[in-house]
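**Q** So the protein sequences, as listed, match chains B and S.
Here the first sequence is numbered in the working numbering, starting from 4 and rising by one per residue.
Here the second sequence is numbered in the working numbering, starting from 4 and rising by one per residue.
Hints may contain errors.
In this list, chains with the same sequence are indistinguishable; a pair is considered to hold if it fits within one copy or across any two.
[To be verified] Straight-line Cα separation of at most 27 Å, DSSO-like style, residue types lysine-lysine; simulated pairs:
{"no.": "1", "residue 1": "K161", "residue 2": "K96"}
{"no.": "2", "residue 1": "K131", "residue 2": "K94"}
{"no.": "3", "residue 1": "K38", "residue 2": "K161"}
{"no.": "4", "residue 1": "K118", "residue 2": "K17"}
{"no.": "5", "residue 1": "K160", "residue 2": "K118"}
{"no.": "6", "residue 1": "K94", "residue 2": "K118"}
Calculated directly from the structure, the hints in this document are not laboratory data.
Number of protein chains: 2
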Amino acid sequence: MEETIHLEQVLPEKIEERSFAIIGEELEQMGIHLKPDEELIVKRAIHTTADFDYAANLVFSPDAPSLGIQALKEGAVIVTDTNMAWSGINKRKAESLGCQVVCFMADEEVARAAKEQGCTRAAASMEKAARLFGGVQTAADDDRRDGKPSNDTENQKKPPVIVAVGNAPTALVKLYQLIEEGRFHPALIIGVPVGFVNVVQSKEWIISRTDVPYIVARGRKGGSNVAAAIVNALLYQTSPGR
Amino acid sequence: MEETIHLEQVLPEKIEERSFAIIGEELEQMGIHLKPDEELIVKRAIHTTADFDYAANLVFSPDAPSLGIQALKEGAVIVTDTNMAWSGINKRKAESLGCQVVCFMADEEVARAAKEQGCTRAAASMEKAARLFGGVQTAADDDRRDGKPSNDTENQKKPPVIVAVGNAPTALVKLYQLIEEGRFHPALIIGVPVGFVNVVQSKEWIISRTDVPYIVARGRKGGSNVAAAIVNALLYQTSPGR
Numbered sequence: 004m005e006e007t008i009h010l011e012q013v014l015p016e017k018i019e020e021r022s023f024a025i026i027g028e029e030l031e032q033m034g035i036h037l038k039p040d041e042e043l044i045v046k047r048a049i050h051t052t053a054d055f056d057y058a059a060n061l062v063f064s065p066d067a068p069s070l071g072i073q074a075l076k077e078g079a080v081i082v083t084d085t086n087m088a089w090s091g092i093n094k095r096k097a098e099s100l101g102c103q104v105v106c107f108m109a110d111e112e113v114a115r116a117a118k119e120q121g122c123t124r125a126a127a128s129m130e131k132a133a134r135l136f137g138g139v140q141t142a143a144d145d146d147r148r149d150g151k152p153s154n155d156t157e158n159q160k161k162p163p164v165i166v167a168v169g170n171a172p173t174a175l176v177k178l179y180q181l182i183e184e185g186r187f188h189p190a191l192i193i194g195v196p197v198g199f200v201n202v203v204q205s206k207e208w209i210i211s212r213t214d215v216p217y218i219v220a221r222g223r224k225g226g227s228n229v230a231a232a233i234v235n236a237l238l239y240q241t242s243p244g245r
Numbered sequence: 004m005e006e007t008i009h010l011e012q013v014l015p016e017k018i019e020e021r022s023f024a025i026i027g028e029e030l031e032q033m034g035i036h037l038k039p040d041e042e043l044i045v046k047r048a049i050h051t052t053a054d055f056d057y058a059a060n061l062v063f064s065p066d067a068p069s070l071g072i073q074a075l076k077e078g079a080v081i082v083t084d085t086n087m088a089w090s091g092i093n094k095r096k097a098e099s100l101g102c103q104v105v106c107f108m109a110d111e112e113v114a115r116a117a118k119e120q121g122c123t124r125a126a127a128s129m130e131k132a133a134r135l136f137g138g139v140q141t142a143a144d145d146d147r148r149d150g151k152p153s154n155d156t157e158n159q160k161k162p163p164v165i166v167a168v169g170n171a172p173t174a175l176v177k178l179y180q181l182i183e184e185g186r187f188h189p190a191l192i193i194g195v196p197v198g199f200v201n202v203v204q205s206k207e208w209i210i211s212r213t214d215v216p217y218i219v220a221r222g223r224k225g226g227s228n229v230a231a232a233i234v235n236a237l238l239y240q241t242s243p244g245r
């Protein structure tokens, strides 16, 4: 086979660079021009799936990428809804920024709460995240409060939160409710659950909000790998190096 | 939004069942009829990606699903090329069968070997897997040896190996070489790396072999999530229950 199927010779450390170049070339051939602040996110989603649909289905609230990057620079807590997404996030890079990456899907308390409430563990894990990390004020909120002194324990000590949902639409629906109830105010929601039951709807719920920044993969597609790729794309834009 | 976007009411424990029913209906509408032994694998790949391309691009060597299920029942070692794929595999189910799930991507020795050899860590991790688990004879090999007594330490004590590659084509290329050199004989290769550099070619190399069972996602698509989904689809067919 070595003779009939030709391998491209690329050094290990150059494979990703070459991949991104190919993605860029093909997007250009398709006549697709990405916005500068969204470009590396969209390309990384395509890189992780080989699916160019993400050039069309990823939708961003205004300034979502820069707000996400800012939150990471402030040492955000990154909450995922799957251990797979957790695994896919570059923890070394996250930790270098003081960011913590957490997933409560294997948490005993979450399993118990889900059983008691008849909800999914993913939904219960969002409840837990809101309880631990909720009540956070964003920089924008602080501005709106016009210098009114904030409550130190409530608003100052907690880091911003980025929630990355790659699997469970029930997690997005729960997030919507928690925000509605004023119990959670993530700095960014990455809403890319995948699937066939309430996935499309849950994403439209998040897109309908004007008070929370989001990056959403409209439609059925998404996944834990896409969630991790988007987080990594933001992480890699905080500073050079991995 | 609750009023304008309607959520389908499905109990948490019924979401997957409902998803598979939708996938089945849509495949039928597309006029796609899956082979019985491949059906649950293809549907789970679609379930994890919402991408119906997998109905066309997943290719199977003869009896690959049943050989994979047999290997799992015999307590196979499952080797993955990413921690994400490792995370996505149902370890409880695997362990209930005596199967071990391993990934060497974070292994110090592998990192060192990759650096020394100028290869990817994924390729070096396949070397390590071959060293630890290689030289295995399959049931088919035993039959071919016509009752010739086998060497206990070499052939009998080592479990069969399933290699699930969801990310790195370099891992597949290395696997091809290890098999060629007689150093590794996996019971099944799940070859679903994703991407743009040598991904298509590495899969065709595996497909060209007639001596190793494979399940391959032809083309560029695949991923750690797809690799895990295929392993889980096989695991769930070994016996009822998760």
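**Q** Let me make sure I understand: some of the numbered hints might not hold for this structure. Which ones are they, in numerical order?
**A** 3 and 5
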